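**Q** Each chain, letter by letter, is given below.
Protein chains: 2
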Amino acid sequence: MSSFFRSRWVDAPAGVEELDPDSLAPGFVAAGVPCGLKDGGGTDLGLVARRDGEVASALLLTRNAAAAAPIRVCRDSCRAEEVRAVIVNSGNANAATGERGIADALRMRGEAAECLGLEPETVAVAETGVIGVPLDIESVSAGIEELCGALSEEGAGSFSDAICTTDRWPKRCTVRMDGVTLSAQAKGAGMIEPGFATMLCFVQTDAELDNPDGHLRCAVAGSFERITVDGQMSTNDTVVLQGSGEAGKPLPEGLLDAVVLQLALEVVADGEGATRVGLARVRGARGKEEADRVARAIANSPLVKTALSGRDPNWGRIAQAAGMALAGEDLPELGPDEIEASELAGAEREAELTLSLDRGDGEAGIFFSDLTHDYVSLNAEYTT
Amino acid sequence: MSSFFRSRWVDAPAGVEELDPDSLAPGFVAAGVPCGLKDGGGTDLGLVARRDGEVASALLLTRNAAAAAPIRVCRDSCRAEEVRAVIVNSGNANAATGERGIADALRMRGEAAECLGLEPETVAVAETGVIGVPLDIESVSAGIEELCGALSEEGAGSFSDAICTTDRWPKRCTVRMDGVTLSAQAKGAGMIEPGFATMLCFVQTDAELDNPDGHLRCAVAGSFERITVDGQMSTNDTVVLQGSGEAGKPLPEGLLDAVVLQLALEVVADGEGATRVGLARVRGARGKEEADRVARAIANSPLVKTALSGRDPNWGRIAQAAGMALAGEDLPELGPDEIEASELAGAEREAELTLSLDRGDGEAGIFFSDLTHDYVSLNAEYTT
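Just so you know, the sequences run in chain order Y and H.
Going by my numbering, the first residue of the first sequence is number 120, and it counts up by one from there.
Going by my numbering, the first residue of the second sequence is number 120, and it counts up by one from there.
Just so you know, these hints were derived from the structure itself, not from any lab.
What you are looking at is a predicted structure, and each value in this text was computed from that prediction instead of being measured.
Any given hint could turn out to be false.
Simulated coverage check for chain Y against chain H, where a stretch passes if three residues somewhere in it have a Cβ under 8 Å from a Cβ of chain H [to be verified]:
1) 179 to 190
2) 346 to 359
3) 429 to 443
4) 448 to 458
5) 491 to 500
From the structure, some residues in chain H lie toward chain Y, with a derived Cβ separation under 10 Å [to be verified]:
6) Thr181
7) Ala184
8) Gly251
9) Asn433
10) Met443
11) Ala446
12) Glu448
13) Glu452
14) His492
15) Ala499
Pair by pair, the computed Cβ-Cβ distance ranges are [as the list claims (entries may be wrong)]:
16) Glu448/H x Gly367/Y: 39 to 45 Å
17) Gly134/Y x Ser496/H: 44 to 50 Å
18) Glu448/H x Glu137/Y: 41 to 47 Å
19) Thr394/Y x Arg198/H: 49 to 55 Å
Beta carbons are placed, not taken as given, at the ideal position from N, Cα and C, and that holds for glycine.
Input sequences plus hints: build the corresponding full structure.
**A** Structure follows, in structure tokens:
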């Protein structure tokens, strides 16, 4: 029945109901407009806001040391626990743009805050797209006024459009469960020449959030931190959770986790050139950290990623990647008894493989996209 | 003039002379024969030996925890400082083959030792090719007798043929300098379905080696440990250095380093689907370890590797990879002033890029192949 929770790896929470994905969680307004950054006039400037009333929030940012200007602005001068609005553009990542990039991100944020009557420190800024090119701040500035006028409770769809780059489909939902509504929009892992795979995700809810940072970190640890397209940490990754509290209830158990996991799986499935999504499971490791390290080595191996696209149940490549992750250790030989890889050969879009190490209780799973000719074409053939 | 030292990154030592690459360093004999492991009847069984007289040697093996049977045999019962002979086959890696694989590797080594009148502990065994398939030990056994009869001082060429798998060209040389001769044969980074990129290298010299292990480790640290095709550590990598001492002189300064560096560069250039070789240089890091870590992140980034094949001087991807390697650190923005990437766009087969971090004196360089459609085809389209 569910059209949103469509991955085999996501259990839709019992009793969850899907609403029109244009509608936002009560207490929020949003909009998206074209301001001229994207070729072809696509929607490229978005705003989501909790204008007044109580708010609780959390804000997670990429740890990449070459972080973009909006990340630096958020890191240095945003009140993460009181994010009322997020202004976001696609088409330009405002990364590696120097002092001017910082000034542009601050101006973009300041004008959005002014338009909304908010303090700038309660507005987050996010950007995605081309890097190393100065932001056309005049176009953004002109768009902000239109954007503020367009804000609506039904604006989730146009907001979602505004954050997409080369996404092949929108990634969004509005769901209700136990009297609480949650809307969410994500993008990635598209590629803007000469850019990066960038992941953005915004979540709004009318639930009362008592520990938004803890909840968001936990949900992200089980979703966006468990996916890989090409192993490349972005300069612009941003995840925001905002709660209006208007439902007068806490978030239903499991709802946020399920929504962000499905969105994360959409991002992998829409990875550059991807045709299939794999789950590399590792069991029996000496602890969670070891399981995670081995699973990541498998998920990031180009040999395993091509085996996924080529439908080759090649357990030897899995053994090799695991052996690399555990280099120097004394490991019993890994063969078909320890490695279940038959789903790689199957017809399904989602395929699992499992490695059983038999040396402890540690378990982990990493979701990954396959490596295809289209990945090479996307990244090699369109040059600057 | 030099046909062997052809990389821009290798300085041929002053006064080095190239000899017929079929000839071995004095004191050594070798041969290669077909024994039936390779489809089509190619040469697939090789032996190089120092039958009597003094010998000094060093033996380096992959650290992969899923190591193949021959690696386990060498690790457990070879006298690394007294390797008189190496028996090697291509066409089957004898990896993930269980107890039987160990028994086969021991038998192969034992029969070669018997044929040569040597103790088994002074014979190393190396294998490369398909994995997870039992070795056809009867064919190998039948071949060993023929092989011993074929041993000759001019057998370097057929020995070199015997170690190749999908190599597009042989990687070998015989050079003389300051009265010392050195012959060397390498293979990789070919792909045998359903196998791994595997690297083997054998070096013979008539020099007196006072510290073969130290010399070999140092040479390998500057060559084979500085290359990457797909970031995947093999299950079968083996490097052997043998010295007969017949020249009565030490190894000329720089000769071993230059030879193995050129061979390592041949391996990268012949990497799966490779059309170009890049050198990722990092300067101004906080120490050598940091420089190495950042250079490896750049060299292994599929975005940088596709930029190399696509001739895209995409410094943004280099900044992103460096920022990932230094995640969580406070780094000034990296832009065109810090990143020289123009050679990526050039016509040359060998291209350098340089990142200057300006936070210390650490320097490192990693050689890498580009990522192309042929890599995907080789690894995705030929399934088990």
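**Q** A separate judgement is required for each hint: does it hold in the structure or not?
**A** Results of checking the hints against the structure:
1. 179 to 190: holds (count 5)
2. 346 to 359: This one holds; 6 residues, not fewer than the three required, reach chain H with a Cβ under 8 Å.
3. 429 to 443: The restraint on the segment 429 to 443 of chain Y holds, since 14 of its residues have a Cβ under 8 Å from chain H and three suffice.
4. 448 to 458: holds (count 7)
5. 491 to 500: holds (count 8)
6. Thr181: Since chain Y brings a Cβ to about 8 Å from Thr181/H, closer than 10 Å, the hint holds.
7. Ala184: holds (4 Å)
8. Gly251: Status holds, d = 5 Å.
9. Asn433: holds (5 Å)
10. Met443: At about 4 Å, which falls below the 10 Å cut-off, the nearest Cβ of chain Y leaves the hint on Met443/H intact, so it holds.
11. Ala446: holds (4 Å)
12. Glu448: Because about 5 Å separates Glu448/H from the closest Cβ in chain Y, which is inside the 10 Å limit, the hint holds.
13. Glu452: holds (6 Å)
14. His492: holds (5 Å)
15. Ala499: holds (3 Å)
16. Glu448/H x Gly367/Y: 39 to 45 Å: holds (43 Å)
17. Gly134/Y x Ser496/H: 44 to 50 Å: holds (48 Å)
18. Glu448/H x Glu137/Y: 41 to 47 Å: Holds: the Cβ-Cβ distance is about 42 Å, inside 41 to 47 Å.
19. Thr394/Y x Arg198/H: 49 to 55 Å: The hint (49 to 55 Å, Cβ to Cβ) holds, given that Thr394/Y and Arg198/H are roughly 51 Å apart.
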